[in-house]
Amino acid sequence: MSVLNSEYVLIAGVLLLIVLDIFRNRLNSGRKDIIQYATLAILVLAFAVEIMFGDFDIPFFSTMQYSQFVNGFILFLAIAIYSFLLADSRKHSTFIEFLFILAVLGAMLVVISSNFISLLIAIEMISLASYGLVFFQKSNANLEGAMKYVSISFLSMVILIFGISLVYGGTGTLSFGATYTVNYLPFIAGLSLVMVGLAFKSTIVPFHMWAPDVYEASNGAVTAFLSSISKAAGLIAMVRVFFFAFPASSAFVSDMFIILAIATIFFATFLATVQERIKRLLAYSSIAQAGFAFIGIALLNYSGVSAAIFYIFSFAVADALVFLAYKVFEDAKIVYKKDASKMWAVSKVGVVCLFIGVLSLTGFPPTIGFFGKLLIFSALLSNGYVYLVVSLFVILLFSTFFYFALLRDMNPMENYKSNAKRTTSIRIKEAILIALTLALFFGVVFVTF
Amino acid sequence: MIQILGLLVLPLIGVVALLVNRLMCLGARDENIVLYTALATTALLFIGMFVGFQPFSVMLVPQVDFAFSFQLNGLSLPFMLLATVLPILGLWSAVKEIKEKRNLFYLLYMLSYLSLIAVFMSSNLISLFVFWEIVLVAFFFIIAFWGEEERRGRASMKFLIFTQFGSLTMLGAFILMFVYTGSFNLFTIQSLISQVPQTISYVIFIFILIAAIIKMPIFPLHSWLPDAHVTAPTTGSVLLAGVLLKLGGYIFLLFGVTLLPNIAHNLMVPLILLGVFTVIYSTLVASAQKDLKRLVAYSSIFYMGLVFIGSATVSNAGINGAVLLMVSHGFIVGMLFVLAGLLKEKTGTRDITKVGGLAEKMPTYAMFFVFAVLATLGVPGLSNFPGELLVFLGAYSVYAIALVSLVGVLIATNYYLYAVKAVLFGALKKTAQKFSDISTMDAVQLGAFSVFIISIGILPSLITNLVGVTI
Amino acid sequence: MLDLILLPMLAAFLLIVVIGEKLARSYAIAIAGCAISLGMATYLFVANFNSTTVDSFNWMSISGSNFLLSLTGTNLSLGFSVLVSFISLMVLVFSVFYMRGEPQVRYYSQMSIFIFSMLGLVLSGSTLLFYIFWELVGVSSYLLIGFWYKKETAAAAGKKALIMTRIGDMAFLAAIIVLFLSTGTFSISSTIQAIPYLPSSIVLLTGALILIAAMSKSAQFPFYTWLPDAMEGPTPVSALLHSATMVAAGAYLLVVTVPLMSAAGLGPVIISIAMITAFIAIMLALHEKQIKRILAYSTIESLAFMFIAVGTLNAGGAMFYLFSHAVFKSLLFLVSGVLTTLFGVYDIYLLRARKLTGSWLMWPAFIGLASLAGLPPFMSMFAHVALAANFNLYENLAFLGIDFFTALFSFRLFFVVFNKGRGARLESEMADAFPIILLSAIAVAGGALAFYFNSIIQTTLSFGPFSLLSVVASVAGAYIAYALFYQNRSTSILKYFVGAASRLAEHGYDSIIKAVGDAVVRLGVMVSELDDRLSRAFELGADYSLALSADSRPIQTGSANSYIIAIIIGMIAVMAVAAAFV
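Chains as they are written, first to last, in the numbering used here: chain A, 1 to 449; chain B, 1 to 471; chain C, 1 to 582.
Next comes chain A alone, as it looks inside the complex (with noise of 0.2 Å):
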């Protein structure tokens, strides 16, 4: 392990941050750039530090370390949300920097944990860092989903606690890396709570039903977060536990798995054919990714697994693009599906992100959404699951129908006039959201079988 870790950048970035507030209250300034400037540049040099020292963890890919990756994705959409965040709005307390950097770096620990309880403390961290994000603007809805999300969140955490008691009754043990077979019921029984637990920030159906109401309560860029950079962390959890933890624990894992992701999937898609608020379809179509992610997840062996991590990468990446191109014009009163061809005298640019977004997430190519689900479908085949490919090729459908449908309301009038001012602000979020698009299309260099 290296000394200069991109987690302890971060922590030493709070205490950083946390003095440096100090010294703005003291000097009463009511500057908050300082903070805001701090933070991004807390966010550039872990990410740097990612990028050259991030070794931890067994070689996990063919070309990088496994963590390298996933730390080195999270933290470049921490750096795009937190920039898009900073264009929106600079009004807001400085307490929303402290979470920001919390919880990614509850994240990043989940990814690098090797032990249930700093695994629970990393997602607990995450979990708290959110409420606050979620209360982000204040206003009552906000509020209302962050109660939402607490209320639901303390469950789930009790149930997971409860799960890893159980595993350790089971085992002996809380630390990952050794090999266990136990059957013996507690174990099982715990094990399966833990899933429950895990599920619940992955947006696993049924435990995802506060999901579509908090992303529609917050903030776009705290809902991007939430979906992308919080959902990424709950399903490498379930892959920390699952295949590096517990591999082959038990026959039923795989099965549950399986079944799960399947209701997942047909659930949120079904749902999302219905809705009409653009927000709230892209909230379930953010949870069918999940269950998709999690069919890879669900296999246990290295094709699957290695799959969902590509996976989550592309859809954690399409999916804080199109909620943050969607922030843009929710800000402009374009909240149904019917309106959506006002989008273009909002933002041009804003509007061709969110197209190529959709179409990565509906796995068209030639972006990392197709890979995606290239991958995915490559370890179902190899694994020999025809039929579940089969059934997952019509719900596919299912999902480009409402994709398409919202592609289609997005249709371009013609003498549109762009009232919108071109503010700077404007500016940075489009820039934010073309280096998120390229993204989905460069992103194909960390594809591997």
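Note that these hints are calculated values from the structure, not bench results. Fair warning: there could be bad hints in the mix.
[To be verified] Once the Cα atoms are required to be at most 20 Å apart in a straight line, the calculated EDC-like pairs of lysine to aspartate or glutamate come out as:
no.	chain 1	residue 1	chain 2	residue 2
1	B	Lys99	B	Glu31
2	B	Lys361	C	Asp518
3	B	Lys290	C	Asp518
4	C	Lys150	B	Asp437
Based on these hints, arrange chains B and C on the given structure of chain A.
The following block gives chains B and C in isolation, referenced to the frame of chain A:
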């Protein structure tokens, strides 16, 4: 030798020029950009047919063997001819018909032009799939944005959902090939296909078959086609029937029949019977149609049924016939759709029972109409005949019952002649008093179609010499 | 080299199409082309007499098998092409008179393409090329029948003709395919040579298919109804296509494939079909009042004669009859063309009122109708003799009856039109008089050809007792016609007999054909409804699943309580499954 990439670079220049034209507000006419780049591409294709093409390959993602590699296979050239020429012939209809969002339309048009050519020359399956899907998306929007107002929502979605299912099963087949041969390269797969276990080969074949049945289309998965055709603008219909349907035939020939001939051979009888059924079924349905475009749409199912029979025979004559018929049908059905579009433009309706006696007011139109109908009925000397002959030859040589599909030709004769009689002959309906004949440009457009139809009809070896596959 | 015969007509077609309306006298191009063709055909016929020339062209090669298109010049084919180009020339010259004031370009270009196809058909040496021209002939016939497209009946007649003949075309195509795959060649002569080595089922199948093709083209029994309707076209078209050449192509096809027919043992079938056809045609001709339709029925009957000859394996007789028929039938049509142009009526009883007896047209009409009845000394009498060369007793006896009735209906036509009233003077000009006089002359004196015809194709002229008897029968028929229609004796028995038969044959049968056509369309409507259902089923499936999705929306109530309940239920389910696995 010509670098094959040139065939993509020229349309790409067109795409970029269209974008630049829009963003910089240069004010150049979009259709001219399309026309010139497409003409240049065609010229390059013709030169290349004589001097040969140099393959091109660049590996993009080695982990999944995703490369942009373009190399001709034995089936590419006839289809590339179709894909390069037909959009030029259909362009004039677009110039007349597309009034709004012209830049976007031509952008999609050019993009699908590029992608169609690329599909036919891709030798990497992922790159093939990439371009295949771009075509699909482009056509979804062409139907959804420029189709007929009242139906376009449903029709475009139906088109997308059906064909996307086909794309997915095709992708499934590609992945299976990759899993068992370790490559997405067509030629590698061809050499290693024997490694694939028998059951998996069946799965691959069935997947490809589903894709082909949807795309061609063949009963029972054809119902997207009439809706899409009726709704799409004329140019869209021309390309849809002229080139897009041929994608189905192309992949069926490439991955079904020539790659897995043994399985195709085992399934020959049911497939031929399916084709025969489609032929009879579609001609019967077409007999009841009153909308000219719908009639032409069903009759193109009929011809694709013949193509399907020809392909399913797994015989040289059948395959050559299928290719020839597809190329010929591309031109003929394109011409018929242009004629249907002109009918709508001149009379305001496509219902053949509501017009009549147009030959008097529109003699040039009538001449081309009769010509196109005769061509589609397989009159010798015009392009459908040699293809039909070869298909029937192939079909009889392996499964004599297939000649039953000749009955389909008879029914087709009946409804097409009925359409001719209803539209052109008889007394001029009163409402039709002030119709004018088609313009010179329309005549040039139709004449261009006719030139191809006649030349292929008289010298079918022009096309059959381009086919380089043997069973 | 043989294409030299075809090319002028193709060139004429192209020239007329290209020059278009700018040239008022497009007939000049057509006539010049036809004259050159005639000259070339005559030259080649004379120069290559008794030798066979072959021009072939490889149309395409599919994996080793070549699709050869070849033209063969034999005495028969070249002789036939002389006939075709000659009759065409006559008709084209006549058209200058008849088609005045009609759209010239369309007419002459379509006629050129027809003559081109007909010459090509005659000269074809490969089944494939034969088929190609066979179809082209049918298509140009479709276009020419529907020449006056504004008339609903003409348009319908063209459609009917093409569909009826296309049934035969498809049969022909199937036969060609079967023969090609069995013999590996398209060449007619090689195919004929290979017949003894083919399995009998193939021989029977292809023989039957080719017979169907010939029957539909030559308007024989189940298919005959298109030919009378085809009279909606301009009269020169009827003269050329629907009497002299195109319809005779069916008989020519049988002549060419006589060895196949004999190997398949289809002779009796052909004879019986042709006899039925002849009977029906006689009945209908006796009943009919329209002059052109009478001639059409007589054509059907004459074609049946040729079929009977082929059925008795007498190809030479059929061919000679074909030649003779071409001459007198086109003559008759041209005469009727003059009459109908001058008076604008087709009904023979209306023509009677014009008091035509004594006009110059009476003589050509008499020559033509006497030829039709087979009276000596006209060319047609020799043709009748040649026709009967292979007849057995029963056929001879049946033919006596046919002869009698043929004479009856042909002289009915003559005596009704050229009745007691006389005095009309008819104008004539070069363009109509020249072809009529020339054709009349040949019809009168052409009998002499009978003795040379043997060198074109094996023909036997055997004058026997039945030759005499048939002349007697014809004379009797002519006399009865004179008595009934000139002297106006009672015709009620005849009317009763003929009326019943023809109602059955025409209206009864036509309605069956109509019913078949309607049934196809009705089936089409039904299948199309089915297809709509299928299409809607897919949409319904989509709609239902959307509705289902919409129904499942209430699960997402928005209240945190229900979410917690869902989690607990999910948790219990997961644990239950887990427990079940343990």
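### Query
Hey, Lys99(B) versus Glu31(B), does the alpha-carbon distance stay inside 20 Å?
Status holds; Cα separation ~12 Å.
### Hinted pair Lys290(B) and Asp518(C), Cα distance within 20 Å
Since the Cα atoms of Lys290(B) and Asp518(C) sit roughly 16 Å apart, the hinted pair holds (cutoff 20 Å).
### Restraint check for Lys361(B) with Asp518(C), where alpha carbons must lie at most 20 Å apart
30 Å, violated
### Query
Holds or violated: are the alpha carbons of Lys150(C) and Asp437(B) at most 20 Å from each other?
17 Å, holds
Of the hints listed earlier, the one the structure fails to meet is number 2.
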